[in-house]
Each structure stands twice: as structure tokens, then as C-alpha cells.
Amino acid sequence: MGDSKGPSRQALRRAAKVGDLVAGPMRTVLRPTAKVGFPYRKPTVPRGVVVPEEASKLGADYDTDWARRPLAKAARTAIHRGPLQAAVKALADPEVLGTDRLDDLARLDDDAPPLIFAPNHYSHLDTLIMSVAVPEPWRGKLMVAAAADYFFDTRWKGAASALALNALPIDREVTGRKSADMIRRLIDDGYSLVIYPEGGRSPDGWGQEFKGGAAYLSIRTGAPVVPVFIDGTGAIFGKGMKRPKPGTSRVVFGRPLRPEPGESTRRFNARIEAAVTMLGDESLTDAWTARRRAATGTNPKLTGPEYTGWRRQWALTDRRELGSVGVRRRQKRRWPDLG
Amino acid sequence: MPRPGFVLEVDRSTPPLLFWRGENFSLEKLPAGRSRVIYPPEPLKPIDDVDGAIRHALLNPIDQDPLPALLFPGMKLTIAFDDVSLPLPKMQQPDTRQRVIEAVLDMAADAGVDDVHIIAALGLHRRMHEYELRHALGDRIYDAFHPRGMLYQHDAEDHDNLVELGTTPHGEVLEINKRAAESDLLVYVNINSVPMDGGWKSVCTGLASYRCLSHHHNGHTLQHTRSLSGHREHSALHQSIWRMGKILRDHGPKLFQIETSLNTDMFPSPFDFIAKREWEWTARDRATYLATTKSLDRTPRRLARKIFHSIQAPHRMTSVQAGETGAVHELTLQHVYRQQLVPVEGQTDILTLGIPFVSPYNPDGIMNPILVMCMGLGYLFNMYRNKPLVREGGVIIMTHPTYREFHPVHHPSYIDFFEQVLPDTTDPVVMGQKWERQYAEDEWYRHLYRTGNAYHGVHPFYAWYWGAHGQQWAGKVIVVGGDPSTVRRLGFTPASTMDDAFELASDVVGRAPTITHLHVPALLVADVS
Numbered sequence: 003m004g005d006s007k008g009p010s011r012q013a014l015r016r017a018a019k020v021g022d023l024v025a026g027p028m029r030t031v032l033r034p035t036a037k038v039g040f041p042y043r044k045p046t047v048p049r050g051v052v053v054p055e056e057a058s059k060l061g062a063d064y065d066t067d068w069a070r071r072p073l074a075k076a077a078r079t080a081i082h083r084g085p086l087q088a089a090v091k092a093l094a095d096p097e098v099l100g101t102d103r104l105d106d107l108a109r110l111d112d113d114a115p116p117l118i119f120a121p122n123h124y125s126h127l128d129t130l131i132m133s134v135a136v137p138e139p140w141r142g143k144l145m146v147a148a149a150a151d152y153f154f155d156t157r158w159k160g161a162a163s164a165l166a167l168n169a170l171p172i173d174r175e176v177t178g179r180k181s182a183d184m185i186r187r188l189i190d191d192g193y194s195l196v197i198y199p200e201g202g203r204s205p206d207g208w209g210q211e212f213k214g215g216a217a218y219l220s221i222r223t224g225a226p227v228v229p230v231f232i233d234g235t236g237a238i239f240g241k242g243m244k245r246p247k248p249g250t251s252r253v254v255f256g257r258p259l260r261p262e263p264g265e266s267t268r269r270f271n272a273r274i275e276a277a278v279t280m281l282g283d284e285s286l287t288d289a290w291t292a293r294r295r296a297a298t299g300t301n302p303k304l305t306g307p308e309y310t311g312w313r314r315q316w317a318l319t320d321r322r323e324l325g326s327v328g329v330r331r332r333q334k335r336r337w338p339d340l341g
Numbered sequence: 012m013p014r015p016g017f018v019l020e021v022d023r024s025t026p027p028l029l030f031w032r033g034e035n036f037s038l039e040k041l042p043a044g045r046s047r048v049i050y051p052p053e054p055l056k057p058i059d060d061v062d063g064a065i066r067h068a069l070l071n072p073i074d075q076d077p078l079p080a081l082l083f084p085g086m087k088l089t090i091a092f093d094d095v096s097l098p099l100p101k102m103q104q105p106d107t108r109q110r111v112i113e114a115v116l117d118m119a120a121d122a123g124v125d126d127v128h129i130i131a132a133l134g135l136h137r138r139m140h141e142y143e144l145r146h147a148l149g150d151r152i153y154d155a156f157h158p159r160g161m162l163y164q165h166d167a168e169d170h171d172n173l174v175e176l177g178t179t180p181h182g183e184v185l186e187i188n189k190r191a192a193e194s195d196l197l198v199y200v201n202i203n204s205v206p207m208d209g210g211w212k213s214v215c216t217g218l219a220s221y222r223c224l225s226h227h228h229n230g231h232t233l234q235h236t237r238s239l240s241g242h243r244e245h246s247a248l249h250q251s252i253w254r255m256g257k258i259l260r261d262h263g264p265k266l267f268q269i270e271t272s273l274n275t276d277m278f279p280s281p282f283d284f285i286a287k288r289e290w291e292w293t294a295r296d297r298a299t300y301l302a303t304t305k306s307l308d309r310t311p312r313r314l315a316r317k318i319f320h321s322i323q324a325p326h327r328m329t330s331v332q333a334g335e336t337g338a339v340h341e342l343t344l345q346h347v348y349r350q351q352l353v354p355v356e357g358q359t360d361i362l363t364l365g366i367p368f369v370s371p372y373n374p375d376g377i378m379n380p381i382l383v384m385c386m387g388l389g390y391l392f393n394m395y396r397n398k399p400l401v402r403e404g405g406v407i408i409m410t411h412p413t414y415r416e417f418h419p420v421h422h423p424s425y426i427d428f429f430e431q432v433l434p435d436t437t438d439p440v441v442m443g444q445k446w447e448r449q450y451a452e453d454e455w456y457r458h459l460y461r462t463g464n465a466y467h468g469v470h471p472f473y474a475w476y477w478g479a480h481g482q483q484w485a486g487k488v489i490v491v492g493g494d495p496s497t498v499r500r501l502g503f504t505p506a507s508t509m510d511d512a513f514e515l516a517s518d519v520v521g522r523a524p525t526i527t528h529l530h531v532p533a534l535l536v537a538d539v540s
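Residue numbers (the working numbering), protein chains in the order written: chain D, 3 to 341; chain Y, 12 to 540.
Be careful, since some hints might not be right.
[As the list claims (entries may be wrong)] Residues from chain Y that keep clear of chain D, each with C-beta distances beyond 12 Å, as calculated:
1) GLU53
2) ALA122
3) ASP166
[As the list claims (entries may be wrong)] Label-pair ranges, simulated between beta-carbon atoms:
4) D:ARG269 to Y:TYR142: 37 to 43 Å
5) D:ARG187 to Y:HIS67: 31 to 37 Å
6) D:GLU323 to Y:GLN323: 53 to 59 Å
7) Y:ALA298 to D:LYS91: 34 to 40 Å
Since the hints were made in silico from the structure, they are not lab data. We treat Cβ as the ideally placed atom computed from N, Cα and C, and that holds for glycine.
So here's chain D without its partners, still in its complex pose (with noise of 0.2 Å):
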């Protein structure tokens, strides 16, 4: 009975011993160097001495000059033409709509202005898209504003941020003096930039109230703001899952938007936040309804039905069942009507 519900006990005494074999000649090998410390390792700290602590370079102080020389640069465009490119066609499959209304300043190549591209922002999967479905001349000079206290919170997360997507860390609560500089530096050297205005992933699959980010950089930088709408990631790899489920999403690119002389951020980031709603209403419907709406201020909001609770989740399903796009579903079986 026993032998057939696992090993016997002699096989177990064997195993032991055969460890015990191996254990032996490792404690051997490795005492010398348990005895090894300082200086081959960190020094301990004295009792009552306190250590100053040392300048973070973690977080938005992280510093990612490195991800824009060369080497990585060439190993950035290695990355995105084929695993990255790969995977966002395995994972959500983005049909690229809009790029038409880039063409005037496309075909000014290497003189291209840098622009601000200002996307809604459901899932990690969104940078990934982004940085295949810019279109060229933008993609070879793309960074992407990342959440400081996200992508950069250790060593290791901060340079694979840094070396795949050019991201910089980006304070999320208050797009900081330092943080600007950095940016309007980039921009004149001809960088464009990826930002989420909305500050992170929506947590609930609605989109969230824009912050000033983006209108706030255009302001201070003179770059165009090109509204973006994503549809469909939330439901691929949404906040909060924890594994992508694959289908299929829409990038809808908008017109560029330039601030009026004298408008303020909040106004200029309010017809952002129009220009993105109106998007998504062209995702779900067309471009004639949608811009018919934009003019009455009747688009759909991305932020979703002011109830909460599950009328709010249900809604969201409603909006999803309109759209083509998302997790892929089964073919429902359609009986023919024989009248």
C-alpha cells in the first residue's frame, strides 16, 4: 500500500544519505569564506553611529543619460523590431488608426517637431504598443514618462525601463521643476515623449480625470500634444491582473494640438482631455458621430458613469461588448433565421 502512494522508506534513507555525502565536502569548501567580511563585505556599523544617508538615485532621481548613447540606442531598436514587436502582436495585436493626421509634419523627416503624445493609459501593455505603433520619424526618438515610484524603484526595474522603453522616471504626483528640465532638454534635442495625463493605470477599467502633465510640458516646451486613445488593453492585462489574457486593441491617433497663445494649463489640458474622449468615442462608434459629439460635449466620458458599485462595473461591461476590440472571444454560435 505504502509503495504505491510514494517512495519507500529505503529510497528515502538512500537520499539522506547521499546528501549527507554532498553536504560533507560543501561545508568544507565554503567555510573559508564565511569567514570572509569586510572589505569583501559591507562593513557592519557601530553601535550609537548613525550614517548619514546616502543621495537616492532611485526613484526620480534615477538617472537614465546612459539609455541615450549609442550602444544602447542600437540595442533599444534591436529590442523593439523583434522581441517587443512580437510580443505586442502576440499579446494585443494593435490596429494603428489616425497616423493620416501626422502626415504634414511625417513628411518633414529629420525637421519633424517633437511631439507630446498624450495617451489614456489602462495597462502596462500601453507603452508597449506605443512604442511600436508611433509612427516614424517619432519611434527612432520616443521616451516614455514612467512612474518614478514604479519603474524605478529598484536598480534593476529602473535600467530595464530605461534601456527598452527610454523611460524616465516621472514623479506622478507633481510633474516636478527637475523632472520639466530634463524633459524641455530632450525635447530640444529633438525627443519625443510618451506621458499618461492621467498619472497611472485606471484602476477599474474606466479612464481617470487628466492631470496637467502633458498640457503643462507642451506649455513650457512648445511641443504639440497628439490626443491618443488605446482601447482594448484593459481588458488584455488590465490593472490588477496577473496574467495577459491575448486579443486584440485599437490606437486611435488624434490631430496635434498646439496651446493658444495665453491659455492656461488647466484650459489646454481640458481640450486635451476632450480631444481623447473624442477618440474613444471614434473607437467605439465613428469619426462623424464622435466629432458631432465633441461638438455638443456629448462624447461618451472615459472616466465612466458618475455611480459607483457594480453599476459602474456593469456599465464598463456594456462599453466593452460595443467595442471589437479586447480579450479575444469565442465565435457565438449564430443559428440561421429561416424565418
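Since the structure of chain D is already known, use the hints to place chain Y on it.
Then chain Y, alone, in the frame of chain D:
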């Protein structure tokens, strides 16, 4: 700074000159000392901010209120646009029509206009395929309007949806699309590739019925149309259309005309050698030419055609103006002439023309023999102002393979026209009297025009009439490299080589004639003094 067009006197050091031969090219040597070549001006610098220019034109129209002031909730707005016959080759996306219509729709949306119809102004041309509509208008407009039945194509045979607006003192009836006629505002979006287009011709042909078109599209009128590209008072066709325009203005809907002109940047790399002056060809251009011609020689015609029709021209907009039709058109003409006009002194005995793979009537189709005639004698011969480039009774030499091949879907009535009408007569007036009505009223052709992608049954007649003036003017027409029996059916003389053609021409113009070669592309209008 683009260089203006100019006339080159051919001497012994002039290299052989590029001639179109349908879906291929050849280099031909013209006799030194008595030949000249007219080179078109280089493409003008386009507008940088196209969307801004369009918006400015709509907000500051000529002799009319700004577009937003003409829009109001509850109104009927109709937007008509030029069909697939323009521009040639098709332009790289986004097309001018998409940009202009999107700007109009933006304003219509702001004004709360719900009832908007968008109509392809086909006249008697074939209906556009879905991919052509998407190319011209963009996916956004197509997806928004077509599924709702608000984007469709004009039907000149749908008598329930045509309305008569009046008759000119010359007895010409103006009958146009009912929806357009009954709209509170009709916006026409035009592309002016050549001076003959635009103005009142847009609505009076694009949205008209066969009955209306037959008043000015006939052998008699086209024989008295000298020319299509020059002064309007010399064109019987335009005189007739302008008379109809008066009826349209007095009794038709409020019309807001938007006209655009393009530069002549027609071929992208690697075909950019086509528009270059031969002595400026680089080693790369020469290599490209050789590789292209040699490989096209060995390419099945069907595939070669596919390659050429897939070319998307890098045309760019040079002007956009909107407002009252007459005033807008005058300004457009100035822009078109600024791009295309080349001053030329005097006429010659022989005019040589390379006929390309495409004409306005075979986008994505076959350049059949009737269209070769139409392109040579109708379009290229007529690219003049004041006087034709060739003297009356002179010789026109065209280069084209002129194969006996027809597109069965696009040109069904052309096949019968070639087999039935041309063996009987090549005289436009005679064929008009004897055969036109039969083709115009044929139920099968009508069905194919209305439901398929066929040109109207009468269209081969119109294509033939288009060359009526050239046919009457020339003492002889020779086609180099064409299928002999097909060329003879057209009433022309076949020749194997250019030298043979000059030999054949000597019967009419003597042993030492003067020769002019029209170097197309790009498009040009010879201002002959």
C-alpha cells in the same frame, strides 16, 4: 526654387529623349536642328500647413459668406467630390478630398448639422470601388457615412433622383442630382489637375444626367473646342457649361465651391527619372531606366499594369480657394497656369507624344485603343493655349503599343464600340448621329453602369469626341509601336520605329519638317504664340 518650363532646341549633343510607351518607355533620337522639346516647369513648392490653408479658405471665401455662417441646425448639406479620374496617378494618402471634406465636416459638426450626404460626382464614369473611396476619403469618412447610406455615388440614370433646374437660351437642359439640387447648401470639393476642370463644369458634369451631358459632350461641340486648356471663349464645351452654370446659379442650390491645385510631382522614387531632363540623369537614373525597361520588356502586361497602377504620386497641394464658383475658378486657373504654363513660339509640322499607361478613364484599368486616341488627341494635343503646337494639317506621332485589350468590367461598351462603330465610321459627328443613342439607351450597359463598375454605355463615344478637334486638325496620325490592325481601326497609320514614322510623315509635311516633342510627365500647357 523650382525651375520654370523651357523649350530645348535639339542639337547633335542632345541625348535621346524619353517617350512613354504605355507600360514602358523608350529613348528616341530626334533630328538635330529642326526639333525642339518642351519641358514642363518643375513642381512648385507645396503649402506646408495644408489643414491650416484649407481652414483659412473656408473661413475667408471669395465673394461668399464664411462656411460656418452658411451652416445651421436642421439644414440639408450635400458634399460632392471629384471621382477617381483625378488626380493621376492617384495621390499618396491623405488625399486632398479627405482633408477638405474633414474640414467641412468639422464645421458642420460645430454648427449642429445632422443631415449630411456625401456624393461622388461621377457623371457617366464608372462607380468607384470601395478601396478607391477609402483612398480618396479616408477610412474615417467612409466608415462613418457609407454604412448609413450617407456616402454614395451619383447615378445619372436614376430618374427618380434627378431634377431639372432649367433650360439655357440655347435649349440646353440642366438636370442634376436631386439631393444636391434640393440641399440648403451644396459644397463641391474639386481637384484641379488641369485647367479644363473645375468651375461650373464640376456640378454640370459630375452631378448631371445623360440628357444634360449630351448637350456639350458631342462631336460637334468638341470639334469647336479649341482648346480644353486655354481661353474659355475658344471652347464650345466650356461655353455651353458656363451657360448651364448661370441656370445653376439662378435656380439651383446655394453652391460653395472649393477648388484645389496640385503641383506636378507625379512619380516617386525609383520612377523619378521620368520627370528629369535627360542630360541630368545620374548613373543611378540610367541604371534604373535600363533595369526598368529591360525588366518590363519581359514582364507580362497584366503584371506591368498592376505595378504602374499601384504607383501613388507624391502630388502636393499648391493652393486652395473657396467661395463663389466663378471667382474661385479664376483664381484656381492662375495657380494651375503658374505650375503648368510654358511659353512656346510658333507651331511645327510634327508633334510627338508619348502615351502613358493611364488616362482619366482607366485608373486601375486597361488603356484600351479608344483611350489611346482620347489621351493623345483629346488630352495631350489639347494641352495648349492660343494655338495648337502642330500646324493645321500637320502630323501627330504617338508612341504606344495600342494592344487590342479591354477591361471587361470597366469598359464593356468600349468593346462593342471598337467592333461595331469604328469599322463603320471614325467621324465623331456621324457616329453620334448613327450610333450614340443605341449605346446610351442599352439596358444592359445601363444596368452595368448603375450596379457594377462600368462606364456608361455612351462613354466610348465621349472618349472619342474628346479627340475630335485633334482628329480634325491633324493631317495624319501615326502610332509608333502599336498593333497595326488596331491602329488602322482607329483610322491612324501604324509605324514600327520613330524613323519609319518620320518617313511616313514626309508624305504630308515634306522631307525636313520641324518637330516638337511634348515631354510628359509632368503636365504642361504650351502657351503658343
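A quick look at each hint next to the structure:
The non-interface label for Y:GLU53 is consistent with chain D: the shortest C-beta to C-beta separation is roughly 18 Å, beyond 12 Å. Consistency note on Y:ALA122: stated as away from chain D, yet its beta-carbon is not over 12 Å from all of that chain's, at 8 Å minimum. Every beta carbon of chain D lies more than 12 Å from that of Y:ASP166, the smallest distance being close to 23 Å; the non-interface claim holds. In this structure, D:ARG269 and Y:TYR142 meet the distance hint of 37 to 43 Å, their C-beta atoms being roughly 42 Å apart.
One distance hint, 31 to 37 Å for the beta-carbon pair D:ARG187 and Y:HIS67, holds here, with the actual separation near 35 Å. In this structure the hint that D:GLU323 and Y:GLN323 lie 53 to 59 Å apart at CB is violated, the actual value being about 38 Å. Between Y:ALA298 and D:LYS91 the Cβ separation comes to about 37 Å, which falls inside the hinted range of 34 to 40 Å.
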